[in-house]
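Dock chain B against chain A, hints included.
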Amino acid sequence: MDAVLDNLDVFAEGFTRTVTLTLLAAVGALLLGTLIAAMRVSPVPPLRWAGTAYVQLVRNTPLTVVFFLVVFGLPEVDVILSFFQFAVLALSLYTAAFVAEAVRSGILSVPSGQAEASRAVGMTFGQTLRLVVLPQAFANIVPPLASVFIALLKNTSIAGAFFIFEGTQSMARLINANGDQAIAILAAAALAYLGLSLISSALFGLLERRVTVSR
Amino acid sequence: MSTPVLYDVQGPRAKRRVLVASLVGLAALVLLVLLAVQRLADNGQFESRLYEPFLDQPDLYDRLRAGLMNTLTAAAYALVLASLLGIVLAFGRLSSRWFLRLPAVAVVEFFRGVPLLLLILGIFLSFPLALSIDLSALQALVLGLTLYNGAVIAEIVRAGVLAIPKGQSEAALAMGMSRGQLLRLVLLPQAVRIMLPSLISQLVVLLKDTSLGFVIGFEELLRTGGQVVQVLNNPLQMYVLIALVYISINGTLSLLATWVEGRQRRTVTTSATLAPTEAGAVL
Numbered sequence: 013m014d015a016v017l018d019n020l021d022v023f024a025e026g027f028t029r030t031v032t033l034t035l036l037a038a039v040g041a042l043l044l045g046t047l048i049a050a051m052r053v054s055p056v057p058p059l060r061w062a063g064t065a066y067v068q069l070v071r072n073t074p075l076t077v078v079f080f081l082v083v084f085g086l087p088e089v090d091v092i093l094s095f096f097q098f099a100v101l102a103l104s105l106y107t108a109a110f111v112a113e114a115v116r117s118g119i120l121s122v123p124s125g126q127a128e129a130s131r132a133v134g135m136t137f138g139q140t141l142r143l144v145v146l147p148q149a150f151a152n153i154v155p156p157l158a159s160v161f162i163a164l165l166k167n168t169s170i171a172g173a174f175f176i177f178e179g180t181q182s183m184a185r186l187i188n189a190n191g192d193q194a195i196a197i198l199a200a201a202a203l204a205y206l207g208l209s210l211i212s213s214a215l216f217g218l219l220e221r222r223v224t225v226s227r
Numbered sequence: 659m660s661t662p663v664l665y666d667v668q669g670p671r672a673k674r675r676v677l678v679a680s681l682v683g684l685a686a687l688v689l690l691v692l693l694a695v696q697r698l699a700d701n702g703q704f705e706s707r708l709y710e711p712f713l714d715q716p717d718l719y720d721r722l723r724a725g726l727m728n729t730l731t732a733a734a735y736a737l738v739l740a741s742l743l744g745i746v747l748a749f750g751r752l753s754s755r756w757f758l759r760l761p762a763v764a765v766v767e768f769f770r771g772v773p774l775l776l777l778i779l780g781i782f783l784s785f786p787l788a789l790s791i792d793l794s795a796l797q798a799l800v801l802g803l804t805l806y807n808g809a810v811i812a813e814i815v816r817a818g819v820l821a822i823p824k825g826q827s828e829a830a831l832a833m834g835m836s837r838g839q840l841l842r843l844v845l846l847p848q849a850v851r852i853m854l855p856s857l858i859s860q861l862v863v864l865l866k867d868t869s870l871g872f873v874i875g876f877e878e879l880l881r882t883g884g885q886v887v888q889v890l891n892n893p894l895q896m897y898v899l900i901a902l903v904y905i906s907i908n909g910t911l912s913l914l915a916t917w918v919e920g921r922q923r924r925t926v927t928t929s930a931t932l933a934p935t936e937a938g939a940v941l
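Note that the protein sequences, when read in sequence, are chains A and B. Its first residue numbered 13, the first sequence is counted upward by one per residue in the working numbering. Its first residue numbered 659, the second sequence is counted upward by one per residue in the working numbering.
This is chain A alone, in the form it adopts within the complex (with noise of 0.2 Å):
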């Protein structure tokens, strides 16, 4: 236990970079996904197919793949950035794919008629996506959200792999320091994941309850 407590400074020095890193790339996965999400349902088939093409290629590659051709082929295109902001880049990009599926079926969810209908009113395309289709959709789109930015919470341990200093590597410095109280280190360090997602679904709780609209 001493361990721990000795050395709570790397622990939080550890755990803030995860927290920076999982919010960083939740916000340019957002963007990317909502991007990508859009160019599945537009009209437009190139757009459709390149973004079809995007998230089967990024599923079905280990985060891993990712991470190592962020950090050799950027370079090789004239983007060279730390290797903080290549992480950054490498888990928005993974996770971009998932939040486009989240996004894609939550628009794909809202029954066809209630388009049809605003459209049969007379409302323009604009309107339509703004009054009518979105905010239900956003209601389906927010708890399968919540899934893919806490599995993103946990894969920025993969950071640690490429340089960053975070969470899991806090652990796995102080394991190598302090072998003998190895488990409790362990301990500590998954139950402050926990805690943190703990933190994010409650947080994405209140967000669903604020969202949902009654049908």
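Errors might be hidden in some of the hints.
[Claimed, not checked] According to the in silico footprint, chain A covers these stretches of chain B (three or more CB under 8 Å from chain A): (1) 675 to 682; (2) 787 to 799; (3) 830 to 844; (4) 853 to 867; (5) 872 to 885; (6) 908 to 922.
In short, the hints are calculated from the structure, not lab data. All values derive from a computational prediction rather than experimental measurement. We put the CB at the ideal spot given by N, CA and C, even for glycine.
Same frame as chain A, now just chain B:
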């Protein structure tokens, strides 16, 4: 293509607009690809020395094949063990006795909520140091994968069992079956059918996660690729190849899951017409 929710069947004007947008979109995508290709060429990524090893060094493929076999071995062990653990945990969670239910709930929620890498790394580092249990990298990887996927599979099994109509268990209990017989003979066989698509999708996740073995030095496909890269110095080409291997295996599995799902939806509707002939055969 599913029926469009957002827009009507297109008239001549909308068709024209879509055509224009298609051309613009296509041009933008092609431009993006060309820009990337241009920069790759400027950085010498198309030099033949980066590609020749793939053609004239057959032992390269022997190494990669060995790595792939290690990946598949770890995935196979983990799949079998995780399925067993998942079934045990699911039935624990479905049990009517609290002293079985509560530990099962705790175990499932714990291992689902913790990053897999933390489990694998934590097991690999702490077991030899704290418990004096020496684990090989394969054992640590399989143990981590088993605990995490066992918890996920437990939830899949539980959902599968809960999806079975209540009349099934009521009928079984009315016939005097014990709860154990009910689970084993009535619920599990039917649950397996329901959960097969989710189980195959989880296998894709498991296969992807074996790549975490590279962190603890397990020589699976990704790490083997990394070792080859150190000699050949063509990281981008190698990692693209490895990505393609994963995509083709996982893509096939995903297609299989979709196919099984579609097939099952069909069989369920026909089962009503099959029932009379089966009853006739018994009589």
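Results for each hint:
1. 675 to 682: holds (count 3)
2. 787 to 799: holds (count 3)
3. 830 to 844: n = 0 at 8 Å, threshold three: violated.
4. 853 to 867: holds (count 3)
5. 872 to 885: Satisfied; 4 residues make the cut.
6. 908 to 922: holds (count 3)
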